[in-house]
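**Student:** Sequence order for the protein chains is F and B. Number 202 in my numbering belongs to position 157 of the first sequence; there are no gaps in the numbering. Number 152 in my numbering belongs to position 23 of the second sequence; there are no gaps in the numbering.
For the record, the hints were derived by calculation from the structure and aren't laboratory data. Treat the hints with care, as some may be off.
Said to hold, decoys possible - Heads up, simulated PhoX-like pairs for lysine-lysine below, C-alpha to C-alpha not over 25 angstroms straight-line:
hint, chain 1, residue 1, chain 2, residue 2
1, F, 383, F, 373
2, F, 665, F, 572
3, F, 658, B, 191
4, F, 383, F, 310
5, F, 665, B, 191
6, F, 373, B, 191
7, F, 310, F, 381
8, F, 658, F, 572
Take a look at the letters that make up each chain.
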Amino acid sequence: MPELGRAALILCLGLSLYATVAGSLAARERRRRLAVSAQNALIAAFGAAAVASAVLLSALARHDFSFTYVADHTSRKLPTLYALSAFWGGQEGSLLLWLLVLLGYASAAVYFNRVAAREVIAWVVPTLGVIASFFALLLVAVANPFQTQAAPADGLGLNPSLQNPYFAIHPPMLYLGYVGLSVPFAFAMGALLSGRTDERWIVATRRWTLGAWTFLGVGQLLGAHWAYVEVGWGGYYGWDPVENAALMPWLAATAFLHSVMVQEKKGMMKVWNMLLVVLAFCLSIFGTFLTRSGIITSIHSFTQSSIGPWFLGFICLITTASLLLVFKRLPLLRAKTKLESIISREATFLYNNLLLVALCLTILWGVTYPLLTQAVLGQTVTVGRPYYDFFLRVFGLPLLLLMGIGPLIAWRRASWSSVRRILGIPAAVSLAVGGALIGLGAGSSLPGLFAYSFAAFVLASILLEFVRGTMARQAVAGGGYGAAFVELVARNRRRYGGYVVHAAIVFLAIGIAGSSAYQSTYETGTKALMPGDSVTVAGDRYVFRGLTVRPNVGNHRELRAAFDVYSGNTYLGRQAPGQNFYFREQQTSSEMSIASSWLTGEDRDMILGGTTKTGGVFVKILVKPLINLIWLAGFIFVAGCLITLWPDAREVRRLAERYGEVGARVRA
Amino acid sequence: MTTFGLVLGALLAIGCVVAVSRPFLREPALAADADRLYEPDAAERRRLSLAEERDRALSALKELEFDHRTGKISDEDYRTTIGPLRRQAGDALRALER
């Protein structure tokens with residue numbers, strides 16, 4: 046039923062345009078029924094997008110190759126999970142997912158805030174309507190997923206690197222993050238347009254921002270793990286432009302989540318917060334543009350397409366309009382107080398913001414530099430890994446240190462003597478860890494040494510915060526330390542959930558430093574390894590036993606090279622790196638073999654580079670210390686975010702009382 | 130277009146039109162005043178601003194007490210900071226009661 050899909054998309058476009066026009070008119074002329082009608086249009090547009098998505102999913106599940114999209118991205122033998130995942134495997138489908146998620150967020154955000162932020166919501170609806178209209182227009186006019194053809198006998202199949210379980214979850218997670226940033230953007234614009242620049246819009250969007258930020262963070266980690274296990278190069282982040290495109294809005298949103306606390310506590314940084322919201326949202330659109338336009342060379346860019354100019358136009362429009370609006374409302378955004386001391390919590394948030402934004406803009410420069418050189422000089426000059434690694438150290442290491450210092454400094458002002466006293470224990474732990482590492486011979490990498498020492502500093506400061514907080518709580522409330530600990534976290538979810546997230550970032554930093562600065566590598570030279578040959582890497586012996594082939598495993602053929610691994614005389618197990626050849630797609634994918642030690646956090650990675658006619662192999666072996674801390678960090682990150690996101694009844698009551706919502710009628 | 134698709138498309142369109150026009154169907158004839166969007170007056174805006182100020186000051190006081198108990202703030206810093214914060218919270222509370 047491609048017609049139903051097309052009709053649903055046209056309907057979605059019409060409803061989004063109505064929400065924009067009617068919503069603007071209603072907000073401008075303060076017409077209540079029209080405003081509710083515009084809200085309903087946005088929710089109905091979500092229904093229409095859901096119907097369009099259901100039609101596409103149904104066609105993918107049924108292998109209905111009369112849909113050009115289905116024929117281009119699936120084949121008969123493609124497992125059902127991957128056939129359904131092809132929904133976001135191509136341009137048209139991924140744009141439809143963008144629209145679906147956007148309208149889902151928009152409907153939920155408008156519905157749940159229709160009372161709490163009723164003055165702002167009237168302008169939020171048309172703002173979200175503009176974004177939805179853009180994506181709906183693209184789907185109707187430029188990238189329609191419901192184009193049909195005479196059904197071929199079989200489809201072209203799905204890119205082999207996308208035939209991985211991570212593909213079923215990584216892109217939706219990223220989209221939930223990218224698109225989720227539309228909500229704080231719309232509320233910020235709503236606040237500016239309505240002239241209600243108090244804290245209402247921040248209160249209304251706090252959890253939406255944090256949720257989007259969580260999804261974006263988890264999505265990136267899943268993407269990193271996918272790249273690690275599937276792409277077959279032994280790395281997890283290659284500073285690829287599309288990877289950077291997801292990192293940039295996450296960094297901007299991280300800065301916002303910190304600086305917004307300064308606005309809540311002190312009424313400062315209002316302009317800065319508006320600019321950060323605009324930056325995060327524009328970067329999320331820019332990320333979609335990079336991925337979907339095919340303008341850059343990236344393993345994630347699947348196609349050249351004509352949507353680039355549309356996205357560029359939209360980015361220019363929203364950036365200009367948002368900045369003009371911020372400029373127009375500057376008098377309303379004046380800070381009520383000033384920074385009292387450069388040694389205070391708010392000052393550390395300011396430093397952290399500057400470093401995060403500097404890192405974000407440095408990455409943006411690296412991503413756009415090839416485009417600019419192409420436009421200006423006529424030749425593409427790319428910036429490579431050394432550029433990004435350098436700036437990651439320059440900005441990342443001080444950021445890591447600040448993560449330990451910030452929570453220990455009081456709001457408003459702190460004297461040098463109290464700072465020295467409070468930082469004494471973490472500093473001593475940090476120095477001890479640094480000294481121990483040098484003593485153990487790990488001083489070969491200076492950035493690695495700094496990263497570990499700073500990580501120890503942060504972990505010590507987090508632990509101290511929990512210990513001191515629990516003791517203080519126990520002293521006030523009595524009872525046991527366990528109950529005091531639970532009460533402490535429950536009463537201050539943002540603060541202590543935030544500390545858990547900080548701990549996750551520390552584990553991430555340790556994992557990155559360990560796996561990159563202290564990695565051991567072996568690569569077969571010109572002479573292939575023959576059965577019985579062995580090599581030694583990082584003290585372990587790898588003995589090649591021979592090649593095996595499974596000619597028909599579903600939709601592909603498997604080739605594996607078997608290696609037995611020994612540490613001294615102890616047998617550690619068998620590893621079998623290989624390659625899969627996909628019949629329909631006529632493509633080969635590298636299948637890396639990973640042996641993880643959950644005790645030490647180390648991975649032994651083996652990549653099959655090639656084979657000879659005589660049964661020899663070329664392999665690459667990588668030993669990555671502590672890499673599993675990166676994935677462990679993901680779980681800690683989610684736990685911290687959940688603590689922070691968990692609703693607090695006390696806070697809900699306080700805000701309801703503040704904004705006079707008790708007994709308020711449900712009127713827009 | 131298949132008949133089934135046509136029927137589903139028509140039902141979807143009708144559902145959307147009903148949803149969009151529902152506010153007008155529920156309240157077909159309204160005086161202009163009753164159709165006005167809620168907008169706080171100057172007094173309400175002032176109350177809200179004061180409530181935010183009060184909450185900010187009370188939260189800062191709570192934070193200061195906690196930081197002092199955990200040893201993050203010295204007695205001297207505590208004494209110099211608590212006075213202005215108490216005044217700020219008191220001013221906001223008094224203004225709200227007026």
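**Student:** Against this structure, judge whether each hint is valid.
**Tutor:** The hints, checked one at a time:
1. Simply put, residue 383(F) and residue 373(F) have alpha-carbon atoms about 22 angstroms apart, close enough for the 25 angstroms limit, and the pair holds.
2. At roughly 13 angstroms between alpha-carbon atoms, residue 665(F) and residue 572(F) fall within 25 angstroms of each other, so this suggested pair holds.
3. Among the hinted pairs, residue 658(F) with residue 191(B) is inconsistent with the structure: their alpha-carbon atoms are about 75 angstroms apart, more than 25 angstroms.
4. The straight-line distance between the Cα atoms of residue 383(F) and residue 310(F) is roughly 12 angstroms, inside the 25 angstroms bound, and the hint therefore holds.
5. With a CA separation close to 58 angstroms, the supplied pair residue 665(F) and residue 191(B) exceeds the 25 angstroms bound.
6. A distance of roughly 36 angstroms separates the Cα atoms of residue 373(F) and residue 191(B); the hinted pair therefore is violated under the 25 angstroms criterion.
7. The hinted pair formed by residue 310(F) and residue 381(F) meets the criterion: a straight-line CA distance of about 11 angstroms does not exceed 25 angstroms.
8. Taking the CA atoms of residue 658(F) and residue 572(F), the gap is near 13 angstroms; set against the 25 angstroms cutoff, the hint holds.
The earlier numbered hints that this structure contradicts are 3, 5, 6.
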